[in-house]
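K.L.:
These protein sequences, in sequence, are chains A and B. Read in order, the letters of the first sequence are residues 1 to 215 in the numbering used here. Read in order, the letters of the second sequence are residues 216 to 464 in the numbering used here.
None of these hints come from the bench; they were simulated from the model. The reader is advised that the hints may include incorrect statements.
Among chain A residues calculated to face chain B with C-beta under 7 Å, some are [claimed, not checked]: (1) 62; (2) 118; (3) 143; (4) 144; (5) 146; (6) 148; (7) 169.
Covered stretches of chain B, going by a simulated chain A footprint (3 or more residues, C-beta under 8 Å) [claimed, not checked]: (8) 284-297; (9) 301-313; (10) 391-400; (11) 438-449.
Backbone N, C-alpha and C fix where the C-beta goes; we use that ideal spot for every residue, glycine too.
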Amino acid sequence: MRIAFVAGPPGCGKTRLVLHALGPLRAGGMACGVLKMDAVASTDDQAYRAQGIPARLQVAGDVCPDHEAMVALGPALRWAKEQGLDLLVVETAGLCDRCSPFLQRALAVCVVSGLSHLAAPRKMRAMVEPADVVVLTRCDGISPAERQVFLQSLKALNPGATRIVANGLTGEGTWALTAALRAAPDLRVRDVEPLRSTLPRGYCHFCQGAESGHA
Amino acid sequence: MPEPAILTVLPGTDKFGRSEPFGSLEFEAGRTVAIVGPTGSGKTRLLADLERLSPGDSPTRRRVSLRGVPPAVVAADRAVARISQSMQFFLDLGVREFLEMHRDALQRDREDTDLDAVLGAANHLAGEPFGPDTPLASLSGGQARALMIADVMGISDAPVLLVDEIENAGIDRHAALDVLSAPGRLVFLATHDPLIALRADVRLVLCEGAIREVRETTPAERRLAARLAREDRKTGLLRDALRRGDWLA
Ligand SMILES: Nc1nc2c(ncn2[C@@H]2O[C@H](COP(=O)(O)OP(=O)(O)O)[C@@H](O)[C@H]2O)c(=O)[nH]1
Ligand SMILES: [Mg+2]
């Protein structure tokens, strides 16, 4: 099964991009499904199912969501196999920006909004730097010169990545993401997969799932 | 002689999914092309397809390609530039700092790119002056568009230029177009203004999202343009008089 992670802050356009990018793959007969991971809550799985895409929601709850991606893949993968998927896309919110949810061997796609601050990519470097593909969305609201400056700041952080400018509303630019997903690594995934980023050396009580107020 | 730049548009569909009524359209470097049609007819949509050299993944499914331009220019995102009516800047940078970053983003030579000249040209077009340290996001609409035009001229210097309703940009539209229409450049002008449309060699008539017709500007229309230009200059003088508080007759 091919596996791709699509990560980025809330509202940057991940769900819309994935819906557009999967279109040509599904039309070509590829069985595609989505695992949505979030810290607290999400209705994205419904948005995918409404388009006929098998989707499953996994909420990390008390556990750090980045670690959830690493340790809780097992049940999700069994589900994906039952569905007979050729491609599993894992959509995950950008989390605390200390780590990233990317697995070492799966395709890593990072989505950044062109409407965010120019310093935003640097603050999210844990997600930008290890990505294979960096997508810049929401450029319809900014000038071409600003888009070019933004792309340059992404390139400075991760020169080797494929950079895509895409619009989640119209689907413009999403064929390039389609091509990247089509070529995502075909993996036999183990129940626990190593992450691309190193984990923090210490955890606060909240990360460990302690009751709030007793930190 | 290198081959001149040629931009090709392959047909897409209109708002109802019907195919556009042409086989393919080609536009050569040096031409000026007007894009006309009622509001909502797809003028800005067409400009967006042209800007991206769309491979077919936009709502219109048009495919746009450009040949005769060095691949390095296309790769550096320097082939097509766009100026639009409503554009404002929002990045948290000073004007000069932004120009420096844009120059570097487009891999322009630091020695050969005269940022003071860009600032000077922008101030000349804007009317209301601004400085190198003015925050980008605080520029007025007219100042922002003036800066974009000066930036297109001095930094991107793109062989293909797209201009969206410059008549509403809050700057002198003819001064802006004179600056932008460098020889050898392929220019697309979306407009409702007859005088601007008649600057073009040819115009595309849009309707319900599709390019419906391609019209060469006729000799009679060119004569009309000359007459309109004289009237326009007169109106301009009257406008200045009105601003000064003079009597108009
Ligand atoms: N203008 C504009 N809106 C976008 C773009 N991409 C996404 N959106 C809108 O932003 C909102 C959030 O998008 P969504 O895909 O749900 O973001 P997610 O939280 O990252 O999955 C939706 O209303 C989208 O239609 C874009 O490129 N331009
Ligand atoms: Mg989402």
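K.L.:
Of the hints given before, which are not true for this structure?
P.N.:
1, 7, 10, 11
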